[in-house]
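Participant: Residues per chain are reported as follows:
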Amino acid sequence: MTIQVNGESRGIGDGHTVAALLRELDIRADRVAVELNLEILDRKDFETRGLREGDRVEILSFIGGGAE
Amino acid sequence: MDTMNDRLVIAGREFQSRLWVGTGKYKDFAETKKAIEASGADVVTVAVRRVNITDRSKENLLDYLDPKKYIILPNTAGCYTVEDAVRYARLARAAGVSDLVKLEVIGDEKTLFPDTAGLIEAAKILIKEGFIVLPYTNDDPIVAKKLVDIGCPAVMPLAAPIGSGLGIRNPYNLKIIMETVKVPIIVDAGVGTASDAALAMEYGADAVLMNTAIAGAQDPIAMAEAMKYGVWAGRLAYKAGRIPRKLYATASSPIEGML
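Residue numbers (the working numbering), protein chains in the order written: chain B, 1 to 68; chain D, 1 to 259.
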């Protein structure tokens with residue numbers, strides 16, 4: 001199935017969870033926020049939250065920045 | 001005065017340093033780390049952005065800034081609407097470990113001045129959700145008072161536009177803010193060099209936050225150290241109490257004993 005991750009289309013296996021997606025992308029779950037279809041997920045739900053066709057996932061983390 | 005025991009407390013949290021720094025505009029993470037170490041700051045502000053999923057070789061800022069050693073203060077930089085600022089603050093909380101947020105609602109691309117009406121609105125929403133909101137605001141005493149009235153435990157008025165290096169453009173307004181509100185004042189943005197930071201502290205600011213003045217200096221690490229001493233000097237001078245300004249001279253040597 002195909003989902004959108006950070007604005008880009010990506011094919012993933014059926015039944016993938018958010019945690020599985022993060023592992024596949026080699027992203028540490030403890031350093032990111034995940035928004036699924038505009039809903040901000042609780043980190044403890046990453047393992048159980050399944051993804052569906054057409055889902056829009058945003059993965060964000062802290063970067064260097066001061067203001068603006 | 002012992003600078004080490006002159007602690008700043010905001011919403012029950014103790015801050016060791018009165019110099020807070022941003023993490024943007026550095027050449028690389030190694031330079032960021034060195035500059036922050038030289039500044040002595042224990043509060044570092046960070047932005048929240050999409051993870052680069054195509055190039056995972058990119059290092060993470062938190063590999064260089066240990067969240068156990070530094071207080072990570074996420075900001076809502078780049079947000080021009082209440083909705084965006086609230087969204088980014090929530091994302092920051094989800095990505096991190098604390099309820100702290102440096103709230104920015106920017107009003108205009110050219111000046112990057114805060115949209116203070118939007119700021120108050122966003123602050124209200126976030127405070128209701130349990131955030132500790134440190135608002136980046138204009139040097140406007142009325143807005144500062146409103147922000148405190150709705151529950152901000154500190155206010156962060158600008159010295160001058162972000163990244164401008166102009167120094168304190170309106171010292172009188174800053175002084176009025178310090179007299180008007182009884183919460184800590186962190187002068188945020190516009191500082192150009194160490195004397196600007198010292199002046200802010202001499203006026204009675206509780207801390208100074210800067211990024212470009214350090215990261216943009218020819219030698220960011222040396223400037224970071226200069227800022228540390230600037231903030232210390234200003235704080236010490238403020239606590240010491242300066243002499244009044246007078247128009248005419250007052251001799252410092254006695255007249256007695258002269259020929």
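To be clear, the hints were calculated from the coordinates, so they are not data collected in a lab.
Here the structure is a predicted model, which means the values were calculated and not measured.
Yeah, the Cβ is synthetic: ideal placement off N, Cα and C, and Gly gets one too.
Among the hints, erroneous ones may be present.
[Said to hold, decoys possible] Computed, partial: chain D to chain B, Cβ under 7 Å:
| hint | residue |
| --- | --- |
| 1 | G24 |
| 2 | K27 |
| 3 | A47 |
| 4 | L62 |
| 5 | T81 |
| 6 | L91 |
| 7 | G151 |
| 8 | N211 |
| 9 | I221 |
| 10 | A222 |
| 11 | P244 |
| 12 | L247 |
| 13 | G257 |
Participant: A separate judgement is required for each hint: does it hold in the structure or not?
Facilitator: Hints, verified against the model:
1. G24: holds (4 Å)
2. K27: violated (11 Å)
3. A47: holds (3 Å)
4. L62: Status holds, d = 6 Å.
5. T81: Check failed: Cβ of T81(D) comes no nearer than 14 Å to chain B, outside 7 Å.
6. L91: L91(D) check passes; min Cβ-Cβ to chain B is 4 Å, inside 7 Å.
7. G151: violated (22 Å)
8. N211: holds (3 Å)
9. I221: violated (16 Å)
10. A222: violated (19 Å)
11. P244: violated (36 Å)
12. L247: With a closest approach of 40 Å, the L247(D) hint is violated.
13. G257: With a closest approach of 57 Å, the G257(D) hint is violated.
The structure does not agree with the numbered hints 2, 5, 7, 9, 10, 11, 12 and 13 stated previously, though it agrees with the rest.
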